[in-house]
Each structure stands twice: as structure tokens, then as C-alpha cells.
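2 protein chains.
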Amino acid sequence: MSLEFHIEATAESARRGRLITPHGEVETPVFMPVGTLATVKGVPQDVLEDLGVEILLSNTYHLYLRPGVEQVRKLGGLHRFMAWDRSILTDSGGFQVFSLSELRKLTEEGVTFRSHLDGSSHFFSPESAMEAQIGLGADIIMAFDECTEYPAEPERVRKSMELTLRWAERSKKHFEGHKQEVPWDCAGTQALFGIVQGGMDLGLRRESAERTIEIGFPGYAIGGLSVGEPRALTREVVAATIQHLPADKPRYLMGVGTPEEIAEYARLGIDMMDCVLPTRAARHGLLFTSEGKISIKQARYACDRGPLDPKCGCRVCSRYSRAYLRHLYASNEVLAQVLNTVHNLTFYLDTMRAVRHSISLGR
Amino acid sequence: MSLEFHIEATAESARRGRLITPHGEVETPVFMPVGTLATVKGVPQDVLEDLGVEILLSNTYHLYLRPGVEQVRKLGGLHRFMAWDRSILTDSGGFQVFSLSELRKLTEEGVTFRSHLDGSSHFFSPESAMEAQIGLGADIIMAFDECTEYPAEPERVRKSMELTLRWAERSKKHFEGHKQEVPWDCAGTQALFGIVQGGMDLGLRRESAERTIEIGFPGYAIGGLSVGEPRALTREVVAATIQHLPADKPRYLMGVGTPEEIAEYARLGIDMMDCVLPTRAARHGLLFTSEGKISIKQARYACDRGPLDPKCGCRVCSRYSRAYLRHLYASNEVLAQVLNTVHNLTFYLDTMRAVRHSISLGR
Numbered sequence: 064m065s066l067e068f069h070i071e072a073t074a075e076s077a078r079r080g081r082l083i084t085p086h087g088e089v090e091t092p093v094f095m096p097v098g099t100l101a102t103v104k105g106v107p108q109d110v111l112e113d114l115g116v117e118i119l120l121s122n123t124y125h126l127y128l129r130p131g132v133e134q135v136r137k138l139g140g141l142h143r144f145m146a147w148d149r150s151i152l153t154d155s156g157g158f159q160v161f162s163l164s165e166l167r168k169l170t171e172e173g174v175t176f177r178s179h180l181d182g183s184s185h186f187f188s189p190e191s192a193m194e195a196q197i198g199l200g201a202d203i204i205m206a207f208d209e210c211t212e213y214p215a216e217p218e219r220v221r222k223s224m225e226l227t228l229r230w231a232e233r234s235k236k237h238f239e240g241h242k243q244e245v246p247w248d249c250a251g252t253q254a255l256f257g258i259v260q261g262g263m264d265l266g267l268r269r270e271s272a273e274r275t276i277e278i279g280f281p282g283y284a285i286g287g288l289s290v291g292e293p294r295a296l297t298r299e300v301v302a303a304t305i306q307h308l309p310a311d312k313p314r315y316l317m318g319v320g321t322p323e324e325i326a327e328y329a330r331l332g333i334d335m336m337d338c339v340l341p342t343r344a345a346r347h348g349l350l351f352t353s354e355g356k357i358s359i360k361q362a363r364y365a366c367d368r369g370p371l372d373p374k375c376g377c378r379v380c381s382r383y384s385r386a387y388l389r390h391l392y393a394s395n396e397v398l399a400q401v402l403n404t405v406h407n408l409t410f411y412l413d414t415m416r417a418v419r420h421s422i423s424l425g426r
Numbered sequence: 064m065s066l067e068f069h070i071e072a073t074a075e076s077a078r079r080g081r082l083i084t085p086h087g088e089v090e091t092p093v094f095m096p097v098g099t100l101a102t103v104k105g106v107p108q109d110v111l112e113d114l115g116v117e118i119l120l121s122n123t124y125h126l127y128l129r130p131g132v133e134q135v136r137k138l139g140g141l142h143r144f145m146a147w148d149r150s151i152l153t154d155s156g157g158f159q160v161f162s163l164s165e166l167r168k169l170t171e172e173g174v175t176f177r178s179h180l181d182g183s184s185h186f187f188s189p190e191s192a193m194e195a196q197i198g199l200g201a202d203i204i205m206a207f208d209e210c211t212e213y214p215a216e217p218e219r220v221r222k223s224m225e226l227t228l229r230w231a232e233r234s235k236k237h238f239e240g241h242k243q244e245v246p247w248d249c250a251g252t253q254a255l256f257g258i259v260q261g262g263m264d265l266g267l268r269r270e271s272a273e274r275t276i277e278i279g280f281p282g283y284a285i286g287g288l289s290v291g292e293p294r295a296l297t298r299e300v301v302a303a304t305i306q307h308l309p310a311d312k313p314r315y316l317m318g319v320g321t322p323e324e325i326a327e328y329a330r331l332g333i334d335m336m337d338c339v340l341p342t343r344a345a346r347h348g349l350l351f352t353s354e355g356k357i358s359i360k361q362a363r364y365a366c367d368r369g370p371l372d373p374k375c376g377c378r379v380c381s382r383y384s385r386a387y388l389r390h391l392y393a394s395n396e397v398l399a400q401v402l403n404t405v406h407n408l409t410f411y412l413d414t415m416r417a418v419r420h421s422i423s424l425g426r
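Chains as they are written, first to last, in the working numbering: chain L, 64 to 426; chain G, 64 to 426.
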């Protein structure tokens with residue numbers, strides 16, 4: 064067994080389902096918190112469990128650099144390494160190579176890049192990205208793609224999409240030949256998802272979807288969005304692309320978005336999403352609440368005895384005041400990051416819970 | 064009711080007891096974790112409760128500067144401000160004024176100092192230190208003293224001791240006149256402890272103890288140690304000073320020490336201790352274990368699947384490997400500080416639990 068996906072209820076375009084990986088069940092639509100370096104910054108794993116997190120995303124690029132794939136593999140893979148028994152998804156490293164690293168050189172073969180940590184030179188190809196992700200041993204791994212920049216000339220977008228398609232084939236071929244090498248001790252193998260590219264061109268998106276489906280994957284991601292385009296355009300591309308994805312396979316929209324956006328994309332028929340926004344915003348004191356976004360650093364909260372969000376039942380809102388959270392943030396205390404992150408993740412997970420509930424009710 | 068102290072078992076010089084404050088019971092000998100700015104850096108209050116922490120120490124100097132005493136007072140005092148219902152002790156601010164601030168000017172009246180944060184000028188006297196500690200509203204507060212530097216000339220040590228005695232009288236007088244102003248909503252008042260000084264001179268220590276007892280406090284601290292003197296000398300001064308303290312009152316040794324030292328001081332008859340060592344060392348990756356001190360940053364732990372301390376039952380040792388803790392520390396991840404602190408505090412609290420158990424058994 065590598066992956067099962069069962070749709071249990073639908074409401075117009077939206078679907079509620081269960082994703083079953085070798086490490087457990089995931090209720091969809093799901094928001095996946097980002098644990099870049101095998102940790103959701105500041106939050107212990109038992110707290111993530113208490114929050115109801117069923118699947119985490121980790122970044123191949125970062126783990127490849129630190130502590131290194133071989134290290135994680137020797138230690139039994141990501142699950143054992145970070146003491147997390149539930150599901151994990153890793154990205155392919157492609158997006159970070161294009162967004163974080165310097166002096167990259169792209170060829171048909173792959174991409175040469177310099178580490179953002181020490182400037183050392185590295186090379187990722189579809190094959191080496193698969194090797195890395197098999198060594199890390201997440202439940203769901205991603206084909207190595209080129210994330211097309213925005214804006215881009217039509218010719219450039221097509222060329223980039225064609226490259227991603229050739230890389231998708233190579234990713235699948237390498238994965239099929241090596242998937243038994245996953246360092247797990249449990250039954251089952253990993254599942255490899257394909258990624259649809261095509262920039263903001265709806266025709267290319269359709270072509271990318273159809274040709275990726277021809278290659279054949281157990282799940283499909285929509286990549287290349289949230290790269291600087293207007294949000295209305297993101298929505299348009301998502302809505303158009305979904306039409307060309309098979310209804311019985313999970314659909315993963317990469318790297319989005321605000322609480323309103325993830326609810327909206329779920330309504331369009333997206334099953335999986337990830338975003339650094341709740342965790343990164345927390346570190347900057349930006350907190351999502353039922354009354355809107357709050358910047359906890361503001362002096363107006365210094366004497367506010369009320370909870371951060373009176374409608375939230377998380378361990379932060381049920382115990383601490385805005386005044387205390389403001390003090391922690393203003394004093395640069397580490398507990399600020401811990402508590403802010405727990406709250407923002409709760410808000411995102413609650414948003415998805417509400418969406419799933421609405422779908423069950425047919426709304 | 065302000066404070067009760069019951070001795071329940073003794074073994075040679077050591078005593079096991081219960082300290083009862085308006086916010087609960089504290090089993091002694093006790094180690095008090097330091098929560099400088101109304102937070103034990105990186106550790107949420109519910110985790111401190113799970114660890115069995117019954118009393119925390121907070122620093123008046125730091126809270127006076129941030130968020131300010133008036134702010135905490137308006138919010139109902141420290142307990143409500145930081146959402147901590149168990150006991151709290153605040154120091155008088157004297158030690159930090161002498162160790163952290165710049166350009167201090169000492170007079171009979173008090174001490175003028177500059178904030179280590181922004182260089183602004185402030186003044187602490189016995190009266191203003193009491194006012195600050197009443198506003199913060201800890202269960203146990205400390206007389207304003209001068210912490211004598213080491214080494215110091217005999218004449219200087221006597222003068223400093225005499226000043227501390229005059230300040231102790233003024234502290235008590237101000238406290239007695241204003242203790243009803245504590246911003247609590249629960250019954251009872253604060254308890255003010257006196258501080259014995261006298262440098263490393265055993266005769267002056269005796270005189271300081273006797274004259275502080277004459278002023279009369281519900282508990283006595285030994286201050287002015289751990290200021291650079293050799294550890295054997297610390298022990299000698301502690302052992303000698305204890306002889307002159309009343310047996311029926313709690314004895315608090317300020318600012319010590321290693322796990323071995325706190326066990327040793329408890330054996331000498333000390334009831335309360337605090338130290339930044341477990342929390343500060345944790346932030347530097349120095350971890351206390353049953354097998355000795357570990358520097359988790361070392362490369363030798365990179366592939367170590369074992370728990371940090373195989374004899375420790377804390378949530379860190381029961382879940383994570385040394386390899387993972389090393390990765391978190393090497394990657395500068397915030398979770399490193401959180402987990403390391405939880406473990407080191409567990410080690411200190413377990414050490415005191417073992418000491419109390421030994422005393423009960425008469426050993």
C-alpha cells in the first residue's frame with residue numbers, strides 16, 4: 064500500500080475525504096503545517112499532535128543541506144528522526160533552489176546551485192531529488208519541477224512547462240526503480256505526486272495537467288502559484304486547472320495562503336494545502352483571529368486583559384491575555400514565538416475543520 | 064495568612080518541609096526555576112505545571128523596566144499577568160542593579176542606575192524596591208540589600224553589611240505600612256524575607272544573621288555568594304551561616320548552583336534555592352544528565368539514536384534522540400531551546416525530589 068484516497072462527501076466543487084498513507088489517516092481538505100528542518104519552529108511534536116495535525120510538510124532542500132539526507136536515512140528516515148509517527152510530505156527541493164539559492168545554472172540534466180548557508184555548490188536532478196526524498200522517507204513526495212517565475216514570456220512559460228514534464232517522467236522512472244529503498248520499518252511505500260505548471264496561461268495549464276496525468280501519478284499538485292501574481296489570478300488559474308484533474312485523486316495546491324484563501328480553494332475542490340504564513344506570521348507577531356488580523360506588538364494591547372481570540376479554544380487563548388502576549392513579543396521572549404505559532408496553527412486547522420464540516424452538511 | 068513553614072522530617076542538618084503561601088504549597092528543599100521577565104524562557108506555563116514546579120522566581124529589576132510595575136499591578140499582579148496560579152518569589156532588584164546596570168551611584172538613600180536596555184536613569188531605595196515588589200505581588204519578596212563584591216577589603220565588607228542592615232529595617236518598615244496594597248484578589252498578604260550579607264567573613268556573617276533576625280522576618284536568605292569566590296569557600300560560608308539562622312524559618316540560598324551543589328546545600332539545611340544555570344545552560348546546549356554534562360552541539364551525537372538521558376523520564380528523553388536534539392541545536396532551531404530547557408529543569412527538579420526522598424528516609 065502506498066496511498067488511498069476516499070471521497071466521503073461533496074458540496075458543489077468541494078470534497079471531503081480521507082487520505083490514507085503508510086503512517087495514518089488524514090482528513091481532507093487539509094492544511095499541512097510547514098516543518099522546514101524537521102521541526103515546526105518552536106512547537107514540540109506532542110503539541111502538534113494535540114492540535115490535531117495529521118500531516119506535516121518538510122523541505123527537501125533544507126534537510127539535504129542540514130543535517131543531510133544520508134544522516135536522516137541512517138537514522139531511519141524523517142519519521143523516526145523527528146519522532147513523528149503521523150504522515151509527512153516532502154517537496155522536491157525545486158522551489159527552494161529557485162527561490163533561496165544563488166548562482167543556479169539550469170540545464171536539461173538538472174540545476175546546479177549554491178547553498179544559501181555556506182555557498183557550497185550542489186546539483187539537483189529529477190533522479191537526485193528522488194534519491195533525496197526516498198532517503199528522507201516522507202509518505203508523499205513530489206516530482207522535481209521547475210517553478211516558472213512571474214511574470215514570464217509565453218515562450219519561456221511553454222519551455223519551462225515542457226522541461227517540468229520531461230523531469231516528471233524522469234522522476235517517476237527513478238522513483239519506480241528505487242522506491243523499495245525507503246528506510247522505513249513499516250509496511251507500504253511512498254507515493255509520488257506530479258506537479259502541474261504552465262504559468263498563468265490557462266491553455267498551458269490544461270496541457271500540463273493532461274500530459275502529467277498521462278504520465279500517471281496517485282495525486283496531482285498545482286505548482287507555480289503564489290509567486291507574485293495578483294490573488295484574483297491565482298484563483299482563476301486554480302479554478303481552471305482543477306477542471307482538468309481527475310476527480311478520484313487528491314489535489315494539492317502548493318504554498319497558499321491566508322485563512323480566507325485556503326477556505327476558498329477548498330471550496331473550489333482542492334484537498335491539500337501548505338503555507339509558511341501561519342508560522343512565519345506568528346514569529347512576526349501577526350496573529351489570525353475571528354475578529355481579523357492582530358499585530359500583537361501594538362501598544363494598544365499592553366493593558367488588554369482579554370484573550371487573543373475570544374472564540375478560540377486553543378491553549379493560548381484559554382490561558383493568556385493579550386497583554387501578556389504583547390509583553391512577551393515586545394521583550395523578544397522565545398515564548399512569544401511558541402505561543403503565537405500554536406495559536407495561528409490552531410486558527411488554520413480550525414478553519415479547515417469548519418470547511419470539512421460544511422462540506423459534510425452539503426454547504 | 065502570609066506564610067507557613069512546617070518541617071516534616073530531618074536527617075542530620077537537612078530538613079524536609081512544606082512552605083505554604085497564599086498561592087499554594089511548596090515542598091522543600093525546593094529549586095525555583097528563574098522566570099526573569101515573567102516567563103521561564105521558552106517554556107509554557109502548563110509545561111511548568113506538568114514538571115511539578117511549585118514556585119517560580121521572577122526578577123524585579125527586569126520587570127520594573129519591562130513591562131513596568133504599574134502595568135503588572137493594573138493587570139492584577141504577576142500571577143494573573145503571567146497566568147500562573149502557583150507561588151512566586153521576586154528578588155529585590157539589588158543584585159541586578161549591581162551586576163547588570165551601568166553608572167550606578169550608591170548613597171545611604173539608595174542607588175541610582177542606568178537601564179541596561181536604553182540607558183535611562185532610575186533610582187531604587189528600600190522603599191521603592193518594596194513598592195515595586197508589592198505592585199508585582201509575588202508571594203515572597205526580598206528586602207533591598209547591597210550585594211558585596213568579591214574580593215573586598217574587610218572595612219568595605221563591614222560597611223556594606225551595615226548598609227544592608229539599615230536597608231533591611233527600612234524595607235520592613237515600608238512593607239508593613241503598605242502590604243495591604245498588594246493587587247491580589249485572593250486572601251493573605253506577601254511575606255518579606257531578610258537577607259544575610261557579610262562577604263566571606265564568618266564573623267560578619269554571624270553578626271549579619273543575628274542582627275537581621277533581631278529585625279525579624281518570616282524567612283532568611285543568604286545573599287552575596289556565587290559572586291566569583293571558590294566553591295569550597297561558598298560551602299564554608301553557607302555551613303557557618305546556617306548555624307546562626309532559626310531552625311523554624313525557611314532558609315533561602317540565593318543564586319546557586321550546579322545539581323551537585325544544590326543537593327549538597329540542601330544537605331547542609333538550605334530549604335530554597337534558585338539559579339539561572341539549568342535554563343541558561345540549556346540555551347547553550349549544555350545538558351545535565353545522570354551520566355554527566357553533555358554538550359549537545361558535538362558532532363559525536365549527530366548519529367546517536369539514544370535518548371539524551373536514559374534514566375530520565377521527561378517528555379524530551381522519552382521521545383527524542385540525541386541526534387535530533389543535536390540537529391535542532393546545530394540548526395539554531397527554537398525548539399532546541401524549548402526541549403533543552405524542559406530537560407534541564409526536569410533534571411534539577413528530580414535532583415530535589417531525590418533529596419527530599421532521602422531526608423524522609425533519614426539519610
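Take the hints with a grain of salt, since some may be wrong.
As the list makes no split between identical chains, a pair holds if one copy fits it or if it spans any two.
What the hints assert, rightly or not - Using 20 Å as the maximum straight-line C-alpha spacing, the simulated SDA-like pairs for lysine to any residue come out as follows:
1. K235 <-> E327
2. K312 <-> E277
3. K242 <-> A303
4. K137 <-> S394
5. K356 <-> V290
6. K312 <-> F161
7. K360 <-> T252
8. K360 <-> L180
9. K168 <-> R221
10. K137 <-> A393
Derived from the structure by calculation, the hints contain no laboratory data.
Computed from a prediction, not measured in an experiment: that's the story for all the values here.
Results of checking the hints against the structure:
1. K235 <-> E327: Neither. Shortest intra-copy (31 Å) and inter-copy (64 Å) distances fail the 20 Å Cα cut-off.
2. K312 <-> E277: The answer is within: 14 Å in one copy meets 20 Å, while 82 Å across copies does not.
3. K242 <-> A303: The answer is neither: 33 Å in one copy and 70 Å across copies each exceed 20 Å.
4. K137 <-> S394: between (40 Å within a copy, 19 Å between copies)
5. K356 <-> V290: For K356 and V290, the Cα distance exceeds 20 Å both inside one copy (23 Å) and across copies (47 Å).
6. K312 <-> F161: For K312 and F161, the Cα distance exceeds 20 Å both inside one copy (28 Å) and across copies (67 Å).
7. K360 <-> T252: neither (46 Å within a copy, 34 Å between copies)
8. K360 <-> L180: The answer is between: 18 Å across copies meets 20 Å, while 30 Å in one copy does not.
9. K168 <-> R221: Within one copy only: 19 Å inside a chain, 74 Å across chains, cut-off 20 Å.
10. K137 <-> A393: between (42 Å within a copy, 18 Å between copies)
Figure legend: structure checked against the earlier numbered hints; hints not met, in rising order: 1, 3, 5, 6, 7.
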